[in-house]
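Chemist: Here are the chains, one letter per residue:
There are 2 protein chains.
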Amino acid sequence: MPRHRRTSVPRWCGYPKRVTFPVVGMVGGGQLARMTHEAGIPLGIKFKLLSDTPQDSAAQVVSEVVIGDYRDLDTLRDFARGCDVITFDHEHVPTEHLRALEADGIPVRPGPDALVHAQDKGVMRARLDAIGAPSPRHRIVADPADAEAFASGVGGFPIILKTVRGGYDGKGVWFVRSPEDARDPFLAGVPVLAEEKVDFTRELAANIVRSPHGQAVAYPVVESRQVDGVCDTVIAPAPDLSEELSGQAQELALRIARELGVVGHLAVELFETADGRILVNELAMRPHNSGHWTQDGAITSQFANHVRAVLDLPLGDPRPRAPWTVMCNVLGGDYPDMYSAYLHCMARDPQLKIHMYGKDVKPGRKVGHVNTYGDDLDEVLERARHAAGYLRGTITE
Amino acid sequence: MPRHRRTSVPRWCGYPKRVTFPVVGMVGGGQLARMTHEAGIPLGIKFKLLSDTPQDSAAQVVSEVVIGDYRDLDTLRDFARGCDVITFDHEHVPTEHLRALEADGIPVRPGPDALVHAQDKGVMRARLDAIGAPSPRHRIVADPADAEAFASGVGGFPIILKTVRGGYDGKGVWFVRSPEDARDPFLAGVPVLAEEKVDFTRELAANIVRSPHGQAVAYPVVESRQVDGVCDTVIAPAPDLSEELSGQAQELALRIARELGVVGHLAVELFETADGRILVNELAMRPHNSGHWTQDGAITSQFANHVRAVLDLPLGDPRPRAPWTVMCNVLGGDYPDMYSAYLHCMARDPQLKIHMYGKDVKPGRKVGHVNTYGDDLDEVLERARHAAGYLRGTITE
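Top to bottom, those sequences are chains A and B.
Residues 1 to 397, numbered by full-length UniProt numbering, are exactly what the first sequence covers, in order.
Residues 1 to 397, numbered by full-length UniProt numbering, are exactly what the second sequence covers, in order.
It cannot be assumed that every hint is accurate.
Distance condition first, Cα-Cα at most 25 Å in a straight line; then the derived DMTMM-like pairs of lysine to aspartate or glutamate [said to hold, decoys possible]:
#1 B/171 to B/223
#2 B/46 to B/228
#3 A/46 to A/317
#4 B/359 to A/312
#5 A/46 to A/104
#6 B/46 to B/78
#7 B/197 to B/223
#8 A/197 to A/282
#9 A/46 to B/360
#10 A/197 to A/240
#11 B/366 to B/317
#12 B/171 to B/148
#13 A/359 to B/223
#14 B/362 to B/232
#15 A/46 to B/334
#16 A/362 to A/52
#17 A/171 to A/69
#18 A/359 to B/375
#19 A/366 to A/232
#20 A/46 to B/52
#21 A/46 to A/69
#22 B/46 to A/64
#23 A/359 to B/52
#24 B/46 to A/360
#25 B/46 to A/52
#26 A/197 to A/180
#27 B/359 to B/148
#28 B/359 to A/84
#29 A/46 to B/64
#30 B/359 to A/64
#31 B/46 to B/129
#32 B/197 to B/102
#33 B/366 to B/52
#34 B/46 to A/240
Just so you know, these hints were derived from the structure itself, not from any lab.
Construct the entire structure; sequences and hints are all you get.
Modeler: Following this line, the structure appears as structure tokens:
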């Protein structure tokens with residue numbers, strides 16, 4: 001992208017008065033694309049979206065939208081024309097399509113060689129092993145009997161089975177208590193990864209952003225609390241995390257990003273174990289739910305830094321702006337009219353930050369999140385929980 | 001807008017799962033509309049834009065854009081259909097058109113009776129006099145001779161002459177040193193307002209936001225520094241401003257908003273005089289350049305609060321997040337490629353906040369601004385000035 005490098009043309013000569021801001025092509029119209037667009041507006045960059053439908057979260061707020069199927073190479077190629085770089089709202093674009101775009105000369109960030117580690121849990125585990133990054137014990141298993149054999153090698157059931165591709169938010173993951181439980185994961189015909197059930201005390205996430213020329217910034221390590229396999233609450237920074245473990249987690253995420261050649265935002269989801277270790281649970285190579293707190297709690301948000309990274313711009317300061325920031329997801333409940341709940345939530349807490357995605361309410365669906373920040377963790381946590389619960393309808397006063 | 005009030009339908013009944021978020025219609029496609037859209041995205045509201053051209057600053061980033069002339073009532077009426085409320089990027093929509101929209105049942109915020117005070121400086125001065133708000137000595141003058149007579153009544157030339165309508169950023173304003181200088185302002189055939197040349201020590205701005213049901217929030221009073229009649233630097237809060245004068249300025253702005261029935265953001269530009277008084281210079285009823293610092297420096301930005309106000313939502317906390325925030329405008333210079341300057345600016349200052357408007361660079365044109373914040377005013381000021389100067393091209397290292 002030489003167009004956005006300072007040229008040697010003297011600044012005082014009559015250089016044409018053309019705006020030379022780059023075009024970022026975003027594949028996928030979900031809330032991550034929506035919030036990345038929001039973060040890109042102040043930078044003056046152009047944003048072009050490939051979205052499944054015009055009703056998608058990001059398609060509602062972006063000017064230049066192409067409706068099409070990201071699984072179709074011709075669609076991707078047409079979309080990529082006129083983009084200076086391609087990035088993603090999700091990890092589902094086939095690797096071979098990404099290679100084709102690269103061969104066409106379009107920078108793809110993160111590139112296919114990195115992204116495959118977020119697409120395929122088998123590839124990810126093998127690579128983490130190769131670079132010495134700590135994982136739960138694991139191996140690809142061939143069938144339910146093989147899963148049982150794996151279980152007996154790690155102290156017996158329960159174990160975790162995952163299809164290596166296609167899972168997210170708890171989908172594609174099975175908590176397996178017995179040989180009978182081990183059948184379902186194999187029905188899809190996708191390779192199945194078995195992992196030991198880790199005796200973890202909590203889940204952490206180490207979020208970092210890395211640019212093509214290798215600059216990287218690390219956000220404070222956060223605690224992530226899940227309900228029914230879906231992220232519910234994120235606390236930044238993770239309370240009572242030792243400086244040593246926090247540093248280890250950040251260094252691990254930076255090392256994974258470097259070794260895998262990640263460009264953009266990388267979320268490393270971690271287990272903290274009772275005996276004081278951290279183990280890698282999942283990788284995500286895009287802005288991530290565990291980084292939403294940065295929109296209001298960090299000097300530079302994950303979304304702004306993701307945009308800067310994919311454009312190979314210097315990265316922004318990742319440090320927090322408040323002692324504590326809490327993010328709570330707003331899930332769809334039985335009552336669809338979340339807007340009317342704004343009156344109570346905003347009147348009760350004038351510092352509350354609401355982020356809604358423009359999605360129709362369906363029970364259990366992530367339709368937004370709230371951020372709160374302040375000096376006292378209990379108070380900050382209570383405010384976020386109340387707002388998320390009131391918006392969902394589980395708290396009514 | 002009953003659609004966004006919590007209804008009496010019990011939350012547990014099978015109410016249709018429809019998204020009931022309102023549509024805000026924004027008239028005018030400039031940077032204020034662009035940044036208001038940006039601030040509206042997290043609220044999940046729909047944003048519809050009436051813009052002169054598809055290249056306008058806001059039209060580049062908004063999904064639903066109508067290209068049309070805001071001076072044409074039929075265009076406005078078509079645009080307003082499907083909007084829950086109409087608000088503005090500028091003050092140029094004819095008052096009678098706004099009344100027609102109101103008669104059609106569309107809420108217009110601010111309404112025509114308030115907005116006329118920001119459209120017509122003669123009406124504004126008369127109203128400020130009536131409510132006892134302090135203005136420079138002034139009166140409408142009929143011709144150059146009358147202007148000379150006004151001058152002799154306020155201690156002689158220089159005086160200020162202003163056309164009552166159509167001016168902004170120093171346009172439509174004349175610094176008149178002699179009877180000969182007094183001719184130009186009358187050439188446009190618009191009534192001319194004469195004002196004494198105030199012996200001010202600096203300019204301040206008191207920014208407040210008011211909602212239809214009368215809730216209001218006041219931002220810290222800022223110092224605004226002009227160069228050639230155009231805002232150059234804003235410092236929040238105004239350094240060395242006495243608590244008494246600061247309180248007076250905020251109360252004055254709140255009183256003006258209440259008396260004039262303003263809804264949304266009101267900027268009251270003020271002169272601080274050598275003898276410790278404040279006098280009203282100008283009013284603006286929309287987000288304002290003197291409030292751009294709030295994007296990164298306040299808990300709730302002027303743009304977010306403007307959206308909340310026009311929707312009659314509870315307002316957000318206006319307090320600052322840092323001891324000092326500085327905004328410097330980025331004006332067009334001789335070198336058009338501002339994007340390449342990002343490399344240096346971002347690398348030099350990872351905390352810098354750049355806000356570009358997507359506008360072509362023309363010398364002297366406002367094409368963006370930068371915000372910096374921190375504990376030490378001198379350092380914060382230097383960072384903002386350096387970035388704005390480097391982007392413009394007046395600083396080259």
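Chemist: Confirm or reject each hint.
Modeler: Hints versus structure:
Our distance criterion of 25 Å between C-alpha atoms is met by residue 171 of chain B and residue 223 of chain B, whose separation comes to about 21 Å. A hinted pair counts as satisfied when its Cα atoms are at most 25 Å apart, and residue 46 of chain B with residue 228 of chain B does not qualify at roughly 38 Å. A threshold of 25 Å between alpha carbons decides the hint, and for residue 46 of chain A with residue 317 of chain A the separation of about 23 Å falls inside it, so the pair holds. At most 25 Å may separate the alpha-carbon atoms for a hinted pair to count; residue 359 of chain B and residue 312 of chain A meet this at roughly 22 Å.
With a C-alpha separation of about 21 Å, the suggested pair residue 46 of chain A and residue 104 of chain A falls inside the 25 Å cut-off, and the hint holds. Note on residue 46 of chain B and residue 78 of chain B: the hinted pairing holds, with a Cα-Cα distance of about 17 Å set against a maximum of 25 Å. A distance of roughly 19 Å separates the Cα atoms of residue 197 of chain B and residue 223 of chain B; the hinted pair therefore holds under the 25 Å criterion. Between residue 197 of chain A and residue 282 of chain A the CA atoms are separated by roughly 14 Å; this keeps the pair inside 25 Å, and the hint holds.
Only pairs whose Cα atoms come within 25 Å are accepted, and residue 46 of chain A paired with residue 360 of chain B is accepted, the gap being roughly 13 Å. With a C-alpha separation of about 24 Å, the suggested pairing of residue 197 of chain A with residue 240 of chain A holds against the 25 Å cut-off. Distance restraint check for residue 366 of chain B and residue 317 of chain B: the Cα-Cα separation of roughly 28 Å exceeds the 25 Å cut-off, and the hinted pair is therefore not satisfied. Distance restraint check for residue 171 of chain B and residue 148 of chain B: the Cα-Cα separation of roughly 21 Å lies within the 25 Å cut-off, and the hinted pair is therefore satisfied.
Between residue 359 of chain A and residue 223 of chain B the alpha-carbon distance is near 42 Å, which puts this suggested pair outside the 25 Å criterion. At most 25 Å may separate the alpha-carbon atoms for a hinted pair to count; residue 362 of chain B and residue 232 of chain B meet this at roughly 16 Å. Our distance criterion of 25 Å between C-alpha atoms is met by residue 46 of chain A and residue 334 of chain B, whose separation comes to about 23 Å. A C-alpha spacing of about 19 Å is found between residue 362 of chain A and residue 52 of chain A, which places the hinted pair at or below 25 Å, so the restraint holds.
At roughly 22 Å between alpha-carbon atoms, residue 171 of chain A and residue 69 of chain A fall within 25 Å of each other, so this suggested pair holds. For the hint pairing residue 359 of chain A with residue 375 of chain B, the CA-to-CA distance comes to about 40 Å; that exceeds 25 Å, so the pair is violated. Taking the CA atoms of residue 366 of chain A and residue 232 of chain A, the gap is about 10 Å. The hint holds against a cut of 25 Å. The straight-line distance between the Cα atoms of residue 46 of chain A and residue 52 of chain B is roughly 19 Å, inside the 25 Å bound, and the hint therefore holds.
A hinted pair counts as satisfied when its Cα atoms are at most 25 Å apart, and residue 46 of chain A with residue 69 of chain A qualifies at roughly 21 Å. At most 25 Å may separate the alpha-carbon atoms for a hinted pair to count; residue 46 of chain B and residue 64 of chain A meet this at roughly 16 Å. In summary, the hint linking residue 359 of chain A to residue 52 of chain B is not supported, as the alpha carbons are separated by about 30 Å, beyond the 25 Å threshold. The hinted pair formed by residue 46 of chain B and residue 360 of chain A meets the criterion: a straight-line CA distance of about 13 Å does not exceed 25 Å.
Distance restraint check for residue 46 of chain B and residue 52 of chain A: the Cα-Cα separation of roughly 19 Å lies within the 25 Å cut-off, and the hinted pair is therefore satisfied. The hinted pair formed by residue 197 of chain A and residue 180 of chain A meets the criterion: a straight-line CA distance of about 17 Å does not exceed 25 Å. Only pairs whose Cα atoms come within 25 Å are accepted, and residue 359 of chain B paired with residue 148 of chain B is rejected, the gap being roughly 41 Å. A threshold of 25 Å between alpha carbons decides the hint, and for residue 359 of chain B with residue 84 of chain A the separation of about 19 Å falls inside it, so the pair holds.
Distance restraint check for residue 46 of chain A and residue 64 of chain B: the Cα-Cα separation of roughly 16 Å lies within the 25 Å cut-off, and the hinted pair is therefore satisfied. With a C-alpha separation of about 17 Å, the suggested pairing of residue 359 of chain B with residue 64 of chain A holds against the 25 Å cut-off. Pair hint residue 46 of chain B plus residue 129 of chain B does not hold up; C-alpha atoms about 40 Å apart against a cutoff of 25 Å. The straight-line distance between the Cα atoms of residue 197 of chain B and residue 102 of chain B is roughly 39 Å, outside the 25 Å bound, and the hint therefore fails.
Only pairs whose Cα atoms come within 25 Å are accepted, and residue 366 of chain B paired with residue 52 of chain B is accepted, the gap being roughly 18 Å. Of the pairs offered as hints, the one joining residue 46 of chain B and residue 240 of chain A is violated, with about 41 Å between alpha carbons and a cut-off of 25 Å exceeded.
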